[in-house]
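Undergrad: Residue numbers (the numbering used here), protein chains in the order written: chain Z, -4 to 94; chain H, 22 to 512; chain F, 296 to 780.
Since no wrong hints were added, every one of them can be taken at face value.
Derived SDA-like pairs: lysine to any residue, alpha-carbon spacing no greater than 20 Å straight-line:
#, chain 1, residue 1, chain 2, residue 2
1, F, Lys475, F, Leu658
2, Z, Lys91, F, Asp390
3, Z, Lys91, F, Phe440
4, H, Lys404, Z, Ala52
5, F, Lys475, F, Gly415
6, F, Lys524, F, Leu658
7, F, Lys475, F, Arg465
8, Z, Lys91, F, Tyr386
9, F, Lys759, F, Ala723
10, F, Lys384, H, Leu400
None of these hints come from the bench; they were simulated from the model.
Next come the chains, spelled out residue by residue.
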Amino acid sequence: MSLTAQEIDRIANLARLELPPEEGQRMLDQINGFFSIVEAMRAVDTTGVEPLPHPIATIQEVALRLRDDIASEANQREANQRSAPAVERGLFLVPKVIE
Amino acid sequence: MTALHDMTVAALANQLRAKKISATEVAQHFLARSQADTSGAFLSFNPEATLAQAKEADAQLAAGTAGPLAGVPMAHKDIFVTTDFPTTAGSKMLEGYRSPFDATVVRKLGVQAGGAGMVNVGKLNCDEFAMGSSNENSAYKPVTNPWDTSRVPGGSSGGSSAAVAARLVPAATGTDTGGSIRQPASFCSITGIKPTYGRASRYGMIAYASSLDQAGPMARTAEDCALMLSAMCGPDLDRDSTSLDVPAENFARDLNASLDGLRIGIPNEFFGEGLAPGVRTAVDAALKEYEKLGAKLVPISLPRTELSIPVYYIIAPAEASSNLSRFDGVKFGHRTKDYTDLVSMYKRSRAEGFGEEVKRRIMTGAYVLSHGYYDAYYLQAQKIRRMISDDFQQAFKVCDVIAGPVAPTVAWKLGEKTDDPVANYLADIFTLPASLAGLPGMSLPAGFGEEGMPVGLQLIGNYFKEAQLLNAAHRLQQATDFHLRQPGGAK
Amino acid sequence: MSTKQKSLLVQGYEVVIGFETHAQLSTQSKIFSRAPTAFGAEPNTQACAVDLALPGTLPVMNKGAVERAIELGLAVGAHIAEQSIFARKNYFYPDLPKGYQISQFEIPVVQGGEVSFFVGDEKKTVRLVRAHLEEDAGKSLHEDFIGQSGIDLNRAGTPLLEIVTEPDIRSSDEAVAYAKELHKIVTWIGICDGNMQEGSFRCDANVSVRKPGDDLGTRREIKNLNSFKFMQQAIDFEVRWQIEQIEEGHAIQQATVLFDPDTGETRAMRTKEDAADYRYFPDPDLPPLVIGRDWVARVQSEMTELPRVMAARFVTDYGLPEYDATTLTQSKAMAAYFEAAAKACGQAKLVSNWVMGEMSRRLNAGEVGIENASVSAAQLAAMIGRIADNTISNSAAKQVFDALWTEGGEVDAIIEAKGLKQMNDTGALEAIIDEVLAANPKNVEEFRAGNSKALNGLVGPIMKASKGKANPAQVNELLLKKLQA
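The task is simple: from the sequences and hints, build the whole structure.
TA: Structure below.
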């Protein structure tokens, strides 16, 4: 599996990362280098095997815990917005969102 | 009297409880040492906060309300959010970030009511967002190995490991996703343990790979690790849905148990050609010690050991690519000064805020999850992950504990592997399998190898068997003195 | 193709519509955090650390949201999955704090089900594909800011149930009827407050057209329809627009469109490239949601009687036609009103007629709910009782009803005061009839000649002569008897 420069561009866009051309090229080479070791993995026969999303699922049933429907979080806007880049009247400011 | 910095956590705790020393003087001592350090281990200090914590610990000790480790200094890997210190995750993306809440692990270890009472000396350097094996991916500065300052301390908990090895603090927290506690512990000749996945709460631990991340202690001895681990672990049912509902344990309860009849599995895949001779010698010697202690060595096979590399480096970046999407310059973190619209704001903020390795993993992760590739890569990796996990269960039918090297080599030179990310990945081969299976694993000093650099012995246990691992480690530490040595020769 | 199907065609094209409805669940706290969900708070005062995606935060599932999903599943006869999975839907948008939405992808909590309703007097059933739990996003505010938007994350994390239909809908009328029925269901069982202006119930319509027999056309999605009126307008416009495009030789491009109420038109949103690559994967922070059958059974036993069950009961117990039963069960309040009145006077069909007819007309005109009707069920029952026992005629009843509605009072007192008692004395009536027959020989002749319409010319004068008090049924009976004699 070999990525192309076009795919690097597509992924960079999906991931919202700006990559200048040299960086994009370096990324392409390194990721392709990585994917050469991935090929062995793709060849493994995994028929009938279920994916393991939660490690402990190997030995015990794992189920989502449910909490009671109680609103117990008090308003902490000031503390929560302490590290915000741009705030006005309690709103986070961003460049205009165009639909 | 022994110097304060030569005391273990256990010893300090005793001295403090007996009121032979005060938390304040202990804190001042370690703060001074830490602030004078030049290894790059620390990213931030807040002496006012540290001394306030020490004062609180002293008050609790006087009132008899103190936790088991009250007044003992430590430091947190800068992956754990703290209200009284900034948290950066080793990244420019979070430069100056102040969390409005403390991580659960921080609360459990600290001086807040119900905590163990430890005092935080500062935040420790690490690879950016815990991605790396040498601490060279820190956006701020690298960390040097106290045993040889031209070499790496390991990663991603490089700051934690170096700080403990240099006795800047008697203990530190680390996180281990693919080996980030065990490998730096091995490179710096200290002891570290990653518990069973789900034992320690991940709430407040900045996420890298959610199904792999675990918090753990790093200290000089197995006993110290056991004491800290006991305080760190326990259900956090209200905040972390992956936290296991298993009761908190006293992991130090079996430290001195006999190892007679303990079956130690030796995976042949861990002793192949890639293993450096110096590392092999040290590990073999440690295994011989175990035999002397009554243990039996059992040859086993973990046939998919090598596959754990691509499996991990598909799954971890995939989860990371999603976990790191929240860093968008909107609510917190770095925002670029140079943007024309929303999209350019996102792209430049993230490009400026993230380092190369992080970007690489985000790209890889986004790719393997993207339309058309999910089945072949991500899903396939999760299936092999189950097979790897099953391999361990097979092995544990014939052994109690698995032992082997932590890494194929000793610590490498700074800059040696920075141009070749894949070389870094390959060096994780021995630690990745236990991470993928969610099994507890630890590293303890086993001697020295090439260039006189430390070599760690890895012990892997079955789920929930941390006490057994710590017992095995402790008994070895009673029979050897590697864990007592320090850089520069003195004991 | 049936006449009905044919009659739904627009310019010869078949309209194919599928709906996705996002219903905000009426929980106290958010789906994955403990922040409150109340509408209208100051910006970001109900967005806690988890909602803001601050580093280190993790989701914890709200039991109330799950329970409401089970209730919806039971209400539509769907399968409640024993195990369902939460997945991350990854994309960047300022109102999406984590950069992904926690939703359900491959395995949703509710699977299948159907919603039945009437369009005019035809019954229609729309099949559901699924309903799944997910979190709502925040809001972007554009006024007051030049070149910028203000982001309020209070709404981020509010639990949503996304309800998806098969493309079974064939017209804008059916679409609105479906939406209204679904709205009724979710408010009836109490899982959603149904406040469309506040965004509690939002519909997206996937619309395509095709010549009958052809494969499905390319669909465009009309997003965020939050009023039934706009829904109808938007779909009608979109259908005509698509047909026009096709007739002019342009292929329809898949797109997301918004309806502009001011212009009455739909227009495509700014295309987001790669918008479709959401890189779904199971959320590693959330183990599988397990719903045991005993939990489902318990919810079922505690659930309020569902509208369609109640409607079926009205058919069996009260002998009502299906249409009536469905209309009366449009809300709990109306159904309760009907039952109370029907039980009180024993005249279910008459009660139904009055509630669906005169009552509903006045309620709609005054934009008032039946809970606030000016005539109580007891009063209506009393009035209908007087119709049934022939005390008053239907037309007299209208006057009684009007008086009750505008002035209130007591049925018998009003009848007395307005002198509305029906003439039931057949002797007096026969005398009037004889007089009228004598005065209108032409009508009598025409009727006997076979023109039954000539009767109307006789009934009028009879009613007038009786000052409206004659019992119309009796008039007809006696008149015919005399004419046929």
